[in-house]
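*Asks:* Each chain, letter by letter, is given below.
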Amino acid sequence: MPSKRILITGLSTFWGGRLAQALERDPEVETVIGVDRRPPKVELARTEYVRVADRRSLIRRIVEAAEIDTVVDTRMVVDSIVTGRRVAHENNVIGTMNVLAACGGPDSPVRKVVFKSSAHVYGAEQDDPAYFTESMRRRHPPRTWLERDIVEAEDAVAEFAARHPDRTVTALRFANSLGRGVRSAPMELLGLPAIPAILGFDPRVQVLHRDDLAGCLEHAVRHDLDGPYNCAADGVLVLSEVASLLGKPLAPVLPPWGTGAAAAAVRQVGIRLPPEQLNLLRFGRALDNRRFKATGYRFRYTTRETVLALRREQRLEPFVDRRAAYRYEEEVEEFLRRSPSVRAASQAPADEPPANRPPGSTGYDGLRAEELMRLLPSLDRSDLEALREHEAGRAGRATVVGAIDRLLAAQR
Amino acid sequence: MAGDERASTLGGEAGGLPATTSDLRELLPGLEPERRVTDWGRSERVEGLLDRTVSEFLYRIWFRVDVEGIEHVPSEGGALLVSNHAGALPPDAPMIAKAVKEEHPHPRPVHLTVEHFFKGYPGFSMLLPKIGAVPAHPANVHRLLYDEQQLVLVFPEGRKGTEKLYKDRYRLRRFGRGGFVEAAMRAGAPIVPVAVVGAEEAAPAFAQFKLLQRLTGLLYVPLTPTFPHFGLVGMAGYLPAKFRIRFLPPVATDQLGDEPWEDKALVQSVAHEVRATIQAELFDMLAERESVWFG
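Going down the list, the protein sequences come from chains A and B. First residue of the first sequence? That's 1 in this note's numbering, and the numbers climb one at a time after it. First residue of the second sequence? That's 1 in this note's numbering, and the numbers climb one at a time after it.
Don't read these hints as lab results, they were simulated from the structure. Certain hints may be false.
With beta-carbon atoms standing in for the labels, derived distance ranges [said to hold, decoys possible]: (1) A:Leu-192 to B:Arg-60: 40 to 48 Å; (2) B:Gly-231 to A:Arg-267: 31 to 39 Å; (3) B:Glu-273 to A:Arg-381: 51 to 59 Å; (4) B:Arg-169 to A:Arg-267: 29 to 37 Å; (5) A:Asp-166 to B:Gln-279: 55 to 63 Å; (6) A:Thr-295 to B:Arg-60: 48 to 56 Å; (7) A:Ala-261 to B:Leu-49: 33 to 41 Å.
Just so we're clear, the structure is a prediction, and the values are computed from it rather than from any experiment. A virtual CB, placed ideally from N, CA and C, is assigned to each residue, including glycine.
Please build the complete structure, drawing on both the sequences and the hints.
*Replies:* Laid out in structure tokens, this is it:
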């Protein structure tokens, strides 16, 4: 069943905002609602923003009142430099529990939950396989509080999926993502004049371009994918290769023994090197992304291309004006969304106009029967079938359904 | 050379495998010609440099390697090379890889499997993947054999082989728990037994220092003709024994019924058979050998 009424938690996160932008461009999508503690950081045309944290009762009221069929949970904190331990735990473990509870229950309208998780569920250890597949479990208990929280959150998602076999529950395990706007320890470390490394180690590195991260989330909304999926770019580099692609020297400043203590010292001079990155710097990690690719998604950037794109952005860094960023003004946004004087079509930037769709319409439901009839012969078989299902489930106009049936019979 | 490897990755022919599984092999990452390092961390530059210098010297001059039965190594598709193992810093692995490269009509890269220990030890962790070593994880072997259709070299004796003393030379240790047979069966790849004579005399170990081993955290610290009294360099101080490498006829694993790896008795008996083949061949080669140094 296609997702039409979508709730995004964590709208203020980079990917939450990007996903909302992508979804609101699609006329098939009726409603996009975003919730977060903080206002969105990107310009949105018709996404509605509700300032609410992950309180179960409040989200549940929104879900029920708006008849949300798909919840996309992008709140997950996957990097310990973003926030403190307590806030992260509250967000990742308790928040996830609350969001899931708001989607549960036999009478809930929610049919699909997409959960943004992290490759940190696998950890990085000496006896790990070179590529993790989704069916592998980590063989050692989590080493850091962040990993522990992420594992706990994913367990809660798996439990929710087991209790609700009739719903699609997707967990996307993302590799570290790179790109301007992403706030994370890898971004900071790669932004240093020399790339810190552990002496005697050259770990394998796999990342994901920020555009692909948003693309993966959108793909999961548009398709029904059940279970966990690895999302990481094609290709695995070694750290020395990353450094040379960035045109920077590799600095093996961390000793192989007593690395934790040395990292603490490094933190004192202002370089943020969180504990969950230490084992990645030692053993590295790579994911087998083929299960996700088998669902039809093609990653736009390889790991190498992601790093090269980062290099271009780093060169531009000194010239970019950070203050020019979008600022959410509640009254203006409300005016743009609600006032009858605003022409909705001019707001939505139609970068990627969907094929086979009449311009300016808000979906098939906005079309009169005659308009629809004229359109039918141009559609192919799968579209016709989808449309028939849609029409039968909604307006149920006999003339339209009959015409589709005739066309389908003729094509058979 | 690493370039060839990536190209064959894309080839991905089924090689007589059952077409029951939905084929994820077509979704393997594509080739990036600008890269000099593979996704496994194998570096064309480092490997090429060592190959042209150290390996070339050892192969041609120092060990004067004789190779027989190279035709038993398949030209395409995954295959598991299984060999006996000896020496503190075993010279047999690179010599087998070099033999396939030099003597085979279609030279192919060989992936050596090594203990996980090396991934965690500074220095080794950086260098070994660069020359084609891969941690001996069943998932790694499966991906190489089945998905990427590569040649993989395993030493089922593991460290029991490399830490054995000179007095036990050419007597094969237990072949693990038959994990290598299981891996080959799952991938439907043939097993090519390999017998190597010469490595035991090139790097003999006369004793093991248990205390030093514990202090350094290494796998073992042996007493060899050159180690420890010549320092760490002494680890690679090989004696110029004559090497003879014999590749034996492959053992097929794809005609043993459905999911043969579930049958542990069958796995054990194939493992035993491979071990017996190599052991018999070793005794045969030792009987023929007239001199340790001249063959």
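*Asks:* Indicate, hint by hint, whether the structure satisfies it.
*Replies:* Checked hints:
1. Under the hint 40 to 48 Å, the C-beta atoms of A:Leu-192 and B:Arg-60, about 46 Å apart, fit the expected range.
2. At roughly 37 Å, the beta carbons of B:Gly-231 and A:Arg-267 sit within the given window of 31 to 39 Å.
3. Range check, B:Glu-273 to A:Arg-381: about 55 Å between beta-carbon atoms, so the 51 to 59 Å window is met.
4. Roughly 52 Å separates the CB atoms of B:Arg-169 and A:Arg-267, a value that falls outside the hinted 29 to 37 Å.
5. The beta-carbon spacing between A:Asp-166 and B:Gln-279, approximately 59 Å, falls within the hinted interval of 55 to 63 Å.
6. A hinted range of 48 to 56 Å for the beta carbons of A:Thr-295 and B:Arg-60 is consistent with their spacing of about 52 Å.
7. Take A:Ala-261 and B:Leu-49: their Cβ atoms lie about 36 Å apart, and the range 33 to 41 Å holds.
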